[in-house]
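Keeping the supplied structure of chain A fixed, place chain B upon it in accordance with the hints.
Number of protein chains: 2
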Amino acid sequence: MTLNSLDRHRPEDDLVLDLTNVLDDVLGTTHGLSTREMEEWLPRLREAVAAVEEANYGFLDLPERRDLMAQVERVCTRSLEGKDTVVVLGIGGSALGPRAIFETAWGPYGMGEVGAPGGPSRRLLIADNIDPDGFAQLMQQLDPKKTLFNVISKSGSTVETMAQLTIAWRKISDAVGADNTPQHFAFTTDPIRGFLRETANRYDVPVMDIPDNVGGRFSVLTPVGLFPAMATGIDPKLLLGGAAAMNARCRGVEVESNPAAVLALVHFLMDRLKGKTISVLMPYSDRLRTFAEWFGQLWAESLGKNKSSSGEDRAPVGQTPVRALGTTDQHSQIQLYTEGPNDKLLTLIRVEDPGVDIELGAPGLTDGDSTLAYLQGHTLGEVFRIEQTATEMALVRAERPTLTWKSRTVGPHVLGQLFQVYELATAIAGELYNVNAFDQPGVEEGKNLTYGALGRSGYDEKGEELAAYQSRTEAWVLGGGK
Amino acid sequence: MTLNSLDRHRPEDDLVLDLTNVLDDVLGTTHGLSTREMEEWLPRLREAVAAVEEANYGFLDLPERRDLMAQVERVCTRSLEGKDTVVVLGIGGSALGPRAIFETAWGPYGMGEVGAPGGPSRRLLIADNIDPDGFAQLMQQLDPKKTLFNVISKSGSTVETMAQLTIAWRKISDAVGADNTPQHFAFTTDPIRGFLRETANRYDVPVMDIPDNVGGRFSVLTPVGLFPAMATGIDPKLLLGGAAAMNARCRGVEVESNPAAVLALVHFLMDRLKGKTISVLMPYSDRLRTFAEWFGQLWAESLGKNKSSSGEDRAPVGQTPVRALGTTDQHSQIQLYTEGPNDKLLTLIRVEDPGVDIELGAPGLTDGDSTLAYLQGHTLGEVFRIEQTATEMALVRAERPTLTWKSRTVGPHVLGQLFQVYELATAIAGELYNVNAFDQPGVEEGKNLTYGALGRSGYDEKGEELAAYQSRTEAWVLGGGK
Numbered sequence: 011m012t013l014n015s016l017d018r019h020r021p022e023d024d025l026v027l028d029l030t031n032v033l034d035d036v037l038g039t040t041h042g043l044s045t046r047e048m049e050e051w052l053p054r055l056r057e058a059v060a061a062v063e064e065a066n067y068g069f070l071d072l073p074e075r076r077d078l079m080a081q082v083e084r085v086c087t088r089s090l091e092g093k094d095t096v097v098v099l100g101i102g103g104s105a106l107g108p109r110a111i112f113e114t115a116w117g118p119y120g121m122g123e124v125g126a127p128g129g130p131s132r133r134l135l136i137a138d139n140i141d142p143d144g145f146a147q148l149m150q151q152l153d154p155k156k157t158l159f160n161v162i163s164k165s166g167s168t169v170e171t172m173a174q175l176t177i178a179w180r181k182i183s184d185a186v187g188a189d190n191t192p193q194h195f196a197f198t199t200d201p202i203r204g205f206l207r208e209t210a211n212r213y214d215v216p217v218m219d220i221p222d223n224v225g226g227r228f229s230v231l232t233p234v235g236l237f238p239a240m241a242t243g244i245d246p247k248l249l250l251g252g253a254a255a256m257n258a259r260c261r262g263v264e265v266e267s268n269p270a271a272v273l274a275l276v277h278f279l280m281d282r283l284k285g286k287t288i289s290v291l292m293p294y295s296d297r298l299r300t301f302a303e304w305f306g307q308l309w310a311e312s313l314g315k316n317k318s319s320s321g322e323d324r325a326p327v328g329q330t331p332v333r334a335l336g337t338t339d340q341h342s343q344i345q346l347y348t349e350g351p352n353d354k355l356l357t358l359i360r361v362e363d364p365g366v367d368i369e370l371g372a373p374g375l376t377d378g379d380s381t382l383a384y385l386q387g388h389t390l391g392e393v394f395r396i397e398q399t400a401t402e403m404a405l406v407r408a409e410r411p412t413l414t415w416k417s418r419t420v421g422p423h424v425l426g427q428l429f430q431v432y433e434l435a436t437a438i439a440g441e442l443y444n445v446n447a448f449d450q451p452g453v454e455e456g457k458n459l460t461y462g463a464l465g466r467s468g469y470d471e472k473g474e475e476l477a478a479y480q481s482r483t484e485a486w487v488l489g490g491g492k
Numbered sequence: 011m012t013l014n015s016l017d018r019h020r021p022e023d024d025l026v027l028d029l030t031n032v033l034d035d036v037l038g039t040t041h042g043l044s045t046r047e048m049e050e051w052l053p054r055l056r057e058a059v060a061a062v063e064e065a066n067y068g069f070l071d072l073p074e075r076r077d078l079m080a081q082v083e084r085v086c087t088r089s090l091e092g093k094d095t096v097v098v099l100g101i102g103g104s105a106l107g108p109r110a111i112f113e114t115a116w117g118p119y120g121m122g123e124v125g126a127p128g129g130p131s132r133r134l135l136i137a138d139n140i141d142p143d144g145f146a147q148l149m150q151q152l153d154p155k156k157t158l159f160n161v162i163s164k165s166g167s168t169v170e171t172m173a174q175l176t177i178a179w180r181k182i183s184d185a186v187g188a189d190n191t192p193q194h195f196a197f198t199t200d201p202i203r204g205f206l207r208e209t210a211n212r213y214d215v216p217v218m219d220i221p222d223n224v225g226g227r228f229s230v231l232t233p234v235g236l237f238p239a240m241a242t243g244i245d246p247k248l249l250l251g252g253a254a255a256m257n258a259r260c261r262g263v264e265v266e267s268n269p270a271a272v273l274a275l276v277h278f279l280m281d282r283l284k285g286k287t288i289s290v291l292m293p294y295s296d297r298l299r300t301f302a303e304w305f306g307q308l309w310a311e312s313l314g315k316n317k318s319s320s321g322e323d324r325a326p327v328g329q330t331p332v333r334a335l336g337t338t339d340q341h342s343q344i345q346l347y348t349e350g351p352n353d354k355l356l357t358l359i360r361v362e363d364p365g366v367d368i369e370l371g372a373p374g375l376t377d378g379d380s381t382l383a384y385l386q387g388h389t390l391g392e393v394f395r396i397e398q399t400a401t402e403m404a405l406v407r408a409e410r411p412t413l414t415w416k417s418r419t420v421g422p423h424v425l426g427q428l429f430q431v432y433e434l435a436t437a438i439a440g441e442l443y444n445v446n447a448f449d450q451p452g453v454e455e456g457k458n459l460t461y462g463a464l465g466r467s468g469y470d471e472k473g474e475e476l477a478a479y480q481s482r483t484e485a486w487v488l489g490g491g492k
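Chains as they are written, first to last, in the numbering used here: chain A, 11 to 492; chain B, 11 to 492.
Pulled out of the complex, with its shape left as it was, chain A reads as follows (with noise of 0.2 Å):
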C-alpha cells in the first residue's frame, strides 16, 4: 500500500497557538481579556478539565485503540483489492471527517492523478446529501465493479443513508449478482446494536466499530475516519501520532499550559464577557478549508443547547460557528470581521511551510518600471503569509479578538492534533457552560417528523402533525399568482 508521504514531520511542527491578540494589553479592556478575568476561572477550568477525564469519554483513548487500526487494517486486506474508488455514504461526522483527512493529506484541487506519485491510491467520493439529482451524478461516475461503499452511521440507521445505502445495494446486485453484493461493503457501525450491524451479520459484509462512547462528532479518529485515509494512502498512524502528541501536551498538565483548556476558556470567556458570540476559524491553507467545516459541526452540536448538564432548562447558549478560509476570504468577510459588529472570536491558522512555492514575475509583464514590478523576486508563498500576517494586524488595529495557531508543515500529522485539541476544547467548554456536549436533542424533531410523513410504524402521530403543517394557509407569500 502506498501510504502518503506529504506529512514531514519534525518535533518542531508541533502547533503553537498565540493568544497575545486576545489580552487586554492588545485590544483594550473592552474587548480583551484581562489577566485578572481570566484568573478569577482559573478554579472552574480545573473542576472542567477533572471532570473530563474523570468522564473518561472514550474519543480520549483513541491514539492508543490499536484494536480498531487492526479492524481498518483487516478490512482493508480483505475488500480492497480490485477496487480503484472508495465511496463514503454518510452524513454529519461521518462525512466532514473523512473528507477533512482526505483534503488535508491530499489537496483540495482536485487530487493528483490516482496512483501517480504524490496522489492519492484510490479515488474518495463522499456522498452526504440526498438531492437525488447530485447523487444521481455521483453514482453516474462509479464502475460497480470497481467500487466499494463504505456505508458510515454510529446508529445504523441514519435515514439519509440508509436512503443512498438501498440505492447502491440495488446498483452492485444490479451488476455483480447477489451473491457478491456484499464484497462491495464494508460498514463502520456500532459495535452491537442497530441494521448495518445486524445486516453486517446477515450478510457477512466487513465491519468496523464505533466504540460505544464515543460520538458522532468525535468519531474521526475510530474507523469512520480512519478506514477511508488508509483506503486511498494516507497512513493512520500519523493521524493518530498527532493525536496522541496533542493528548500528551492537555492531559495532566497545568491547565495554563494545556493548550485545550486554554483555547476552552477563551472561547467561553469571549462569549460570556465580551459578547463573541460568533466563532470564525480561518485557516490560511487550502489543505485545511475541509477541516474548518468539521470544526463547524463539533462547536455547533455540542455546544448549542438549552438545557444544561442535568437537564434543566436553561437560557440557550452556543457559539455559532463560520469557517473561512485565508486569503480567499478577505476579499468576502473581511469588511465585515473588521468595521462590522464586534461580535467574533477569530482563529487564524498559519503554516510556515506548505511543502511548495512557485517565484512571481514573468518577461513583459513585471520588468523596468511595470505597475507590477514589486512582484519581481518575491514568491507566492511570500505574498500568502505576509497577508496573513498583515489581516491579522488588521483585526488587532480593528481591536477584534484574533488567536493565531501556527505549524511549520500541514499534513495528517498536524491535522491529528487540531481534532484532538479541538475534541478536548469542545469537552471542557461543555463543563464551562454546564451543557452536555454529547447529546443533539434539537435534531430530533425533524427526524421524528420524517420518519412519521414517510410512514415508518410508530411514528403516525408525527406524520399527521407534518401533514396538518403542509396543509395549513400561508399567510404571506410573494410571486406564484398569490
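Note that these hints are calculated values from the structure, not bench results. Because the structure is a prediction, the values reported are computed rather than measured. Backbone N, C-alpha and C fix where the C-beta goes; we use that ideal spot for every residue, glycine too. It is possible that some hints are incorrect.
[Said to hold, decoys possible] What the simulated footprint calls covered on chain A by chain B, stretch by stretch (three residues with Cβ under 8 Å from a Cβ of chain B suffice, anywhere in the stretch; the number is not a length): (1) 175–189; (2) 283–295; (3) 311–319; (4) 337–344; (5) 348–362; (6) 395–401.
Coordinates of chain B only, in the frame set by chain A:
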C-alpha cells in the same frame, strides 16, 4: 456551441417567497414581526427603494446590456478554439459568481464528462487562493496549449490575481512562446483604467468590461460571470432572462409586492427589532450550495460597516451571513439553530423538481419486516423534500424566524432571479441601515500593509508598521518551546 439544456424554464418556475414563518401569528411576538412593526417602516422602505432607483446603480440594468453580451460572444469566438480548459484567476466576486453559475448549471459532484451530453463543453477551474501548494496542484492539471486563462479584476491590480497572472503568463510563454502567449488569455476588467487594461492594449489580449458603476460583488451578470458561463456551454441568456424577470417583479411596483424590498425589510427588522444578527442561507439543492457562498460576500461586504452613508462614524452594523446546505447541515448545524441562541434569521430554498429522482428499496434490505421497510415505495427526492418541510416545521416550533423560497426547478434561469433579487435587496438594505452598500474601506488596511511588506513604492511606512508588528514580543504563547 452546446448550451446547457438543463434549464426547463416555465413561467411557474418563478421564485415564490413564503414569509409566513417570520410573522408573530406563527412565532409569537418576541421573535415574530407584527403587522404594526412592518407598517411603521413602510414609508422608510418606500424612500429606500426610491433612493436605489434614483441612484441608478449599474447592476440594475445589466440584464439589458447587449453590448456586454456582444463582448462575451466576440471573445468566445476569438479565443476558445482548441481550448479544453478555462481557468479563472480571480478572488472574491470574481470567483464566487462564476463558481455559483457553473455548479448550478452542471452540478457539484464533479461535473459530468466534458463534451458529453449533459456535461459542460469545457472544464472550468477557479483559482481564488494563493496557497502555493494549492495553486501548484491546479497548474499541474493543465495542458498549457489547451488552456485559456480568464483573468478577472475590477481594479486590474488585485495582488493575489496579479501574482497568479505572472505565474500563468510565464508558464504559457514557456510552452507556446512569447508571441503566442496573449492568445491564451482573456481579461475582464475596468473599461479604461488599470494594469489589465493597459496590458490588454499593449499585447492585444482580448478584453471585456466590468462597467465603472458596477462593483465586484454586484458584477456576476457582467462578463465576470457571463464569459465563464458561455465558455463552458451555459447560455448567458438564461441567467439574464431570470434577472430581467426578477427586475420586472421588483421595479415600479408597490413595495408590499416587491420581493427585494420585502426581503430587505424583513432582514433589517429581524436584525434591529428581534436581535437576529446572523443570516443563514440554507438551500436544499446541491446545485445552489455555492450560491450561498456568493450571497455571503454580498451581504457581509455590503452591509458590514461602521460609517453612515454620508461618511460619519456610527455604531457598527451588518448581519453575519452563514451558508448551510440541506439536508447535510441538519446533521451539523440544526442542533444549534433550534436550541442555541435565537439570534438567526434562516432562509431555506426548496426545489420541487430537481429533474431527477431515484426509487428507494433493494431486495434483501427493505423487504418484509426489515427495519428499512418504511423506505420501500418512496423516492430519494420525496425524502429530501419531506426533510425540508420537517426541518422548517421544527424551526418554527422552536420560534426561529424562517423564510422559504420555493422554486419548481433549478438552473441558470432560477439563479439569475436569485442573483438579481439579492442584489436589489442588498442595495435597499443599505438604505435602511444608512450605510454605503457599495464600498469596502475595511479591506484597505490589510491590502496596504501587504503592499508595504512587498516593497511596493509609496507604501514604505506600511511596510515598516508590519515589520514592527512581526518583531513584537508575543505575550502569551503555548508550545514551540515557549
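Now for the hints, and whether the structure bears them out:
no. : hint    : verdict
1   : 175–189 : holds (count 7)
2   : 283–295 : holds (count 4)
3   : 311–319 : holds (count 6)
4   : 337–344 : holds (count 7)
5   : 348–362 : holds (count 7)
6   : 395–401 : holds (count 5)
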